[in-house]
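Colleague: Here is how the chains run, residue by residue.
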Amino acid sequence: MIPSDHFVRFYNEVFKFLDERDGLQPYYEEISRHQDDHCLVLFKAKGLRGVYEYYQRIYKEENCQGPLVLNEHELILGMDRCPSLSKAIDNDAGACPKYCLHCPGWTCRIYRLAGLFQIFDLMELDKPHCYEWIYDDLELAKAKYKELVAGMPQDGSHYIVVSDERIKG
Amino acid sequence: MLRYQEDNELHRDFHGTTNTTLDYIAKHYGVDALKMILRKTGHDVYKSIHDKLAKGNASELIEHLNWFFYREQGKYQLTVSENEIVLEVFECPAIRHLHKMGREVSPYICLQTSEVNAGMCEGTPWVSEVKVVGEGHCIQTFRKEAGHDTK
Chain A
1 MIPSDHFVRF
11 YNEVFKFLDE
21 RDGLQPYYEE
31 ISRHQDDHCL
41 VLFKAKGLRG
51 VYEYYQRIYK
61 EENCQGPLVL
71 NEHELILGMD
81 RCPSLSKAID
91 NDAGACPKYC
101 LHCPGWTCRI
111 YRLAGLFQIF
121 DLMELDKPHC
131 YEWIYDDLEL
141 AKAKYKELVA
151 GMPQDGSHYI
161 VVSDERIKG
Chain B
1 MLRYQEDNEL
11 HRDFHGTTNT
21 TLDYIAKHYG
31 VDALKMILRK
41 TGHDVYKSIH
51 DKLAKGNASE
61 LIEHLNWFFY
71 REQGKYQLTV
81 SENEIVLEVF
91 ECPAIRHLHK
101 MGREVSPYIC
111 LQTSEVNAGM
121 CEGTPWVSEV
131 KVVGEGHCIQ
141 TFRKEAGHDT
151 K
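Quick mapping for you: the protein sequence lines, in order, are chains A and B.
Numbered according to this note's numbering, the first sequence spans residues 1 to 169.
Numbered according to this note's numbering, the second sequence spans residues 1 to 151.
Chain A with its partners taken away, still in its complex shape (with noise of 0.2 angstroms):
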């Protein structure tokens, strides 16, 4: 049995074996297929609030750190420390150099179908932090896209995904 404390490590070598034969994405999908159960029902029926309920479970689960932010159409999901890179990079196998991705990979979809528009500041795919923005609105979802983009700076660091090309305006 891998410990589920250690999953982490070996989702990194399927990252790394996929991403070699550029099949990423295809295995995101199928993932995010997984959670239809119980992510997109309860995101569906819920909507934001739904997705809240989720995730203060899994920041509890996960020990993740960071603020988790209801208002009134958004909601706001920090990692300050995300623990999931964390356990990648403290790893003696090394780090994906893509392991970030699979976050927005499966949760896209997910978002899609809820009706939901999110914007997914990866920020540096090193380094184990990052901002994610999630809205029922989508003209707010493209007003706080515009003022990422407006304010985020030009040397390539960050890297932001959406879930909804709409959401680009």
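Calculated from the structure, these hints are not laboratory results.
Small disclaimer: the values here were computed from a predicted structure and weren't measured.
Take these hints with a grain of salt, some might be off.
[As the list claims (entries may be wrong)] Dumping the calculated DSS-like pairs for lysine-lysine here, alpha-carbon to alpha-carbon at most 27 angstroms: (1) A/K60 with B/K75; (2) B/K75 with B/K100; (3) A/K46 with B/K100; (4) B/K27 with A/K98; (5) B/K75 with A/K16; (6) A/K98 with B/K35; (7) A/K44 with B/K100; (8) B/K52 with B/K144; (9) A/K98 with B/K144; (10) B/K47 with A/K16; (11) B/K47 with A/K127; (12) B/K52 with A/K60.
Assemble chain B onto chain A, guided by the hints.
Modeller: Showing chain B alone in chain A's frame:
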């Protein structure tokens, strides 16, 4: 001393994603590819255990087995002698959690154990074996082969 010794909250649903991943890799890339990834995980991720085994020191392996099965509330018995370590798992925590999640257990669930264990032992005087007795019940054996002198 363990290289990785988590002692905070546990996210058992990761057993679900492992289960999905085992099936996915086997279906799309074949069982040999799955074995390769698992063996590499055993060898590279658990480098510290592997390197100690290569020097004839099984202390981290013993601690690893005991700590993580205890932490996941497995029902098990660990028996250690000079040249043999036997872990009998009476109720696998991963399979128990998959049942709790309502997931179908992957046919490769025990392969993860046999290949990761084999990866830890690769190139060392130790060999591993996993006997599946029934669902969630297995006997994992690590045996030091005669004729190896690591002192």
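Colleague: Now tell me if each hint is right for this structure.
Modeller: Now for the hints, and whether the structure bears them out:
no. : hint              : result
1   : A/K60 with B/K75  : holds, 25 angstroms
2   : B/K75 with B/K100 : holds, 16 angstroms
3   : A/K46 with B/K100 : holds, 24 angstroms
4   : B/K27 with A/K98  : holds, 23 angstroms
5   : B/K75 with A/K16  : violated, 33 angstroms
6   : A/K98 with B/K35  : holds, 22 angstroms
7   : A/K44 with B/K100 : holds, 23 angstroms
8   : B/K52 with B/K144 : holds, 13 angstroms
9   : A/K98 with B/K144 : violated, 38 angstroms
10  : B/K47 with A/K16  : holds, 17 angstroms
11  : B/K47 with A/K127 : holds, 23 angstroms
12  : B/K52 with A/K60  : violated, 34 angstroms
Comparing the model with each earlier hint shows violations of hints 5, 9, 12; every other hint is respected.
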